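Chain residues, written in single-letter form:
Number of protein chains: 2
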Amino acid sequence: MLRVLVLIISALALYVPPAIAQDNARARSALAQDYDAIVADIITITEIPAPPFGEERRAAHFADAFRSQGLKQVTTDPVGNVIGVYPDRDGEMDGPFLVVSAHLDTVFPEETDVTVKRDGDRLLAPGIGDDSLGLAALLAWHRAMVAGNVQIDRPILFVGTVGEEGLGDLRGVRYLMTKGAYAGRIAGFISVDGSHPERLVHAAVGSKRYEIVFNGPGGHSYGAFGIVNPMAAMAEAVRQLYAIDLPADPRATYSASVVSGGRSVNTIPDRIALQVDMRSEDSEALDSLESRFLTIVDNAVANENEARSTSAGQISAEKNRIGDRPAGTTPVEHPLVQSAGTILTEAGYTVMLAASSTDSNIAMSMGIPAITIGTGGGGGRAHALDEYLNVERSSFMTGLDAGLQIVIAAAGVAL
Amino acid sequence: MLRVLVLIISALALYVPPAIAQDNARARSALAQDYDAIVADIITITEIPAPPFGEERRAAHFADAFRSQGLKQVTTDPVGNVIGVYPDRDGEMDGPFLVVSAHLDTVFPEETDVTVKRDGDRLLAPGIGDDSLGLAALLAWHRAMVAGNVQIDRPILFVGTVGEEGLGDLRGVRYLMTKGAYAGRIAGFISVDGSHPERLVHAAVGSKRYEIVFNGPGGHSYGAFGIVNPMAAMAEAVRQLYAIDLPADPRATYSASVVSGGRSVNTIPDRIALQVDMRSEDSEALDSLESRFLTIVDNAVANENEARSTSAGQISAEKNRIGDRPAGTTPVEHPLVQSAGTILTEAGYTVMLAASSTDSNIAMSMGIPAITIGTGGGGGRAHALDEYLNVERSSFMTGLDAGLQIVIAAAGVAL
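If you're matching them up, the sequences are chains A and B in order. Counting from 1, position 377 in the first sequence corresponds to residue 377 in my numbering; the numbering is continuous, with no gaps. Counting from 1, position 298 in the second sequence corresponds to residue 298 in my numbering; the numbering is continuous, with no gaps.
Hint data in this document are derived by calculation from the structure and do not stem from the laboratory. Please read these numbers as outputs of a predicted model, since none were measured by experiment.
Listing some non-contacts, in silico: residues in chain B with all C-beta distances to chain A over 12 Å:
1) Val4
2) Lys179
3) Tyr182
4) Pro335
Incomplete in silico selection of chain B near chain A, CB under 7 Å:
5) Met231
6) Ser257
7) Val258
8) Thr267
Some chain B residues well away from chain A (every beta-carbon gap over 12 Å; in silico):
9) Ala19
10) His61
11) Gln73
12) Arg89
Glycine included, C-beta positions come from ideal geometry on N, C-alpha and C.
Can you build the whole structure from these sequences, using the hints too?
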């Protein structure tokens with residue numbers, strides 16, 4: 001899934017005029033002094049719960065933080081994304097814009113203890129790296145660009161998105177890119193997600209997610225023995241899915257992930273719900289897998305109605321698509337990928353190109369150049385209660401500095 | 001499952017001497033006047049919640065009710081069964097005893113609304129027929145026998161049992177028959193369960209119930225694709241179970257009834273739990289089915305560990321037996337069955353012999369003659385929130401009167 005980046009443009013291609021270079025240097029210098037504020041922001045953001053479909057409080061804080069940094073154009077759009085525009089000019093700007101985003105939501109439910117703990121150079125809390133770090137980085141980069149009075153060719157939309165995780169199904173970024181006030185005027189997209197700067201995501205893993213509800217008549221386990229059972233249909237569907245042998249390239253995957261149903265041990269169930277995840281970097285491979293799976297479900301239902309009595313009723317299946325994230329790619333040769341790769345390489349990272357499912361999926365699927373980058377100095381256990389972030393100053397600030405340079409460069413490169 | 005009873009002994013076989021017959025007639029006459037008190041008892045009992053493993057309050061009320069009817073020998077045994085002895089003599093009786101029991105527990109959780117509603121001749125409430133009716137019948141029969149000063153050959157233990165339903169797994173009657181103070185001194189057993197007097201249970205459907213927990217390493221649906229999945233092992237086990245073709249005689253059944261597991265749609269699950277119910281009237285058929293099922297589970301686990309990568313860990317299965325009710329039969333020819341059948345037939349019922357899983361299972365499996373009878377005048381929707389009971393006086397009292405005669409006769413017939 002990861003491969004080392006081959007740079008095809010040289011560092012010289014990122015040439016900037018001396019005056020602008022001086023602004024950028026001032027911004028980087030301001031950022032370098034900002035460590036304590038960045039760490040404080042990460043802690044504050046993390047400790048505001050932002051469960052799936054419950055990002056409002058964190059969003060309000062994020063908007064206030066941008067405003068308190070002097071940004072006048074800060075809006076919250078109808079789905080809950082927070083959008084701040086740089087540079088801070090009066091009046092509407094035409095764009096085209098570069099989006100620099102991080103996601104507001106976490107995978108953790110409301111009641112999760114999100115108190116940040118410290119253990120040496122580690123901060124520990126659910127969601128701290130995914131994606132409090134990204135949100136704090138956006139605030140820090142904005143402060144630094146203001147301090148340096150950085151001039152850019154292309155205005156930036158700093159965006160805190162809702163609904164990146166799981167069943168959020170990228171609803172925030174989907175709205176931003178296709179329906180919001182800036183839709184149609186976005187020329188490039190950077191998602192800041194996670195704590196590993198060496199990982200440069202240029203390809204979007206698409207996914208199709210289903211909840212299949214197998215319904216049947218149900219009945220007494222003894223008295224009604226012999227009638228169709230939605231459990232048996234579900235089992236046959238899972239078995240046939242797991243008999244599919246997929247080629248290694250283009251990579252595609254499936255997972256029968258969540259199942260539930262049944263009333264009591266002595267009752268033939270009337271409803272079994274199964275959640276299945278299918279993914280690929282390749283749209284065609286994904287569509288083909290989806291179609292095979294849906295046929296399997298139909299076959300499993302037909303088999304069960306054939307195998308046992310339907311005197312009390314038949315098995316049927318509802319096929320609810322609960323996720324649909326498009327696949328896409330920004331070519332490795334694209335200046336957005338190459339400039340980011342060059343900056344990271346010069347900062348000392350061995351850049352690994354990656355495919356992943358992030359907010360960049362939507363832009364990539366629309367043919368808009370997009371990358372997802374990490375920042376900071378590493379971490380781990382994302383989506384787990386013991387998630388952590390390394391905040392050892394030197395490596396942490398190297399990641400932040402590289403991110404700032406990538407953003408400034410992206411606001412200047414040809415898109 | 002139901003078949004019409006063929007009576008092989010005549011009504012004459014139930015001959016009782018005139019003096020005793022007079023006592024019995026007085027008892028029946030007292031019962032016939034007791035309609036209002038019986039209905040009141042049913043309502044009072046129903047409105048005291050008695051969820052699985054939470055029968056204490058209803059048990060305390062039931063014990064108090066027997067005491068208030070003048071019974072001095074009322075005890076609550078260590079598992080919670082309430083036991084009252086008739087006739088009410090001073091000092092310990094040797095027995096052997098006839099048990100006449102009804103179960104205290106319902107299938108409904110504590111928070112269920114158990115308020116009794118009336119709709120014409122129907123009383124509606126969860127648990128009202130299963131088994132408030134039985135408990136109220138025990139109280140009524142005791143009052144009638146006291147009123148008639150009924151003389152019997154064999155003392156009666158009137159018992160309210162705990163744990164008849166579901167995962168209670170007959171724990172109350174199991175203790176009563178095998179470990180309690182009267183164990184070893186019980187010669188016959190009548191369970192009063194449900195509202196259909198025409199249904200005479202003389203055979204015990206045995207059951208074996210399992211919760212199989214399939215464990216695996218789990219992982220990211222995309223990143224860890226290719227590793228073993230406990231969902232696939234569960235599916236294969238269900239499929240193989242449902243491929244078993246069982247003979248019609250002796251009847252045996254299986255049901256994959258409840259399933260749950262998985263953390264999120266984008267996570268390969270690490271745990272899937274499956275509940276399976278297997279039943280038969282025939283012990284050997286049941287044991288054989290159990291053994292086949294457990295082999296299937298082992299095979300499904302082995303298949304999955306063979307089919308996919310175990311680099312992150314293997315699939316394993318915990319096999320937890322969550323229910324074990326023995327099978328057994330009281331021969332149709334036995335005087336207990338024949339005398340009950342004769343009384344019911346004379347009362348106008350077309351008696352249907354039935355096999356079921358009731359408190360009588362334990363006695364039958366021990367070779368102790370046992371039957372399960374209904375009483376009252378019908379009802380329906382047992383185990384559902386809209387359970388109801390017909391209390392139209394004439395049919396209701398016909399059922400109560402038949403039950404009283406069955407009990408008195410059983411305390412006299414050769415066991």
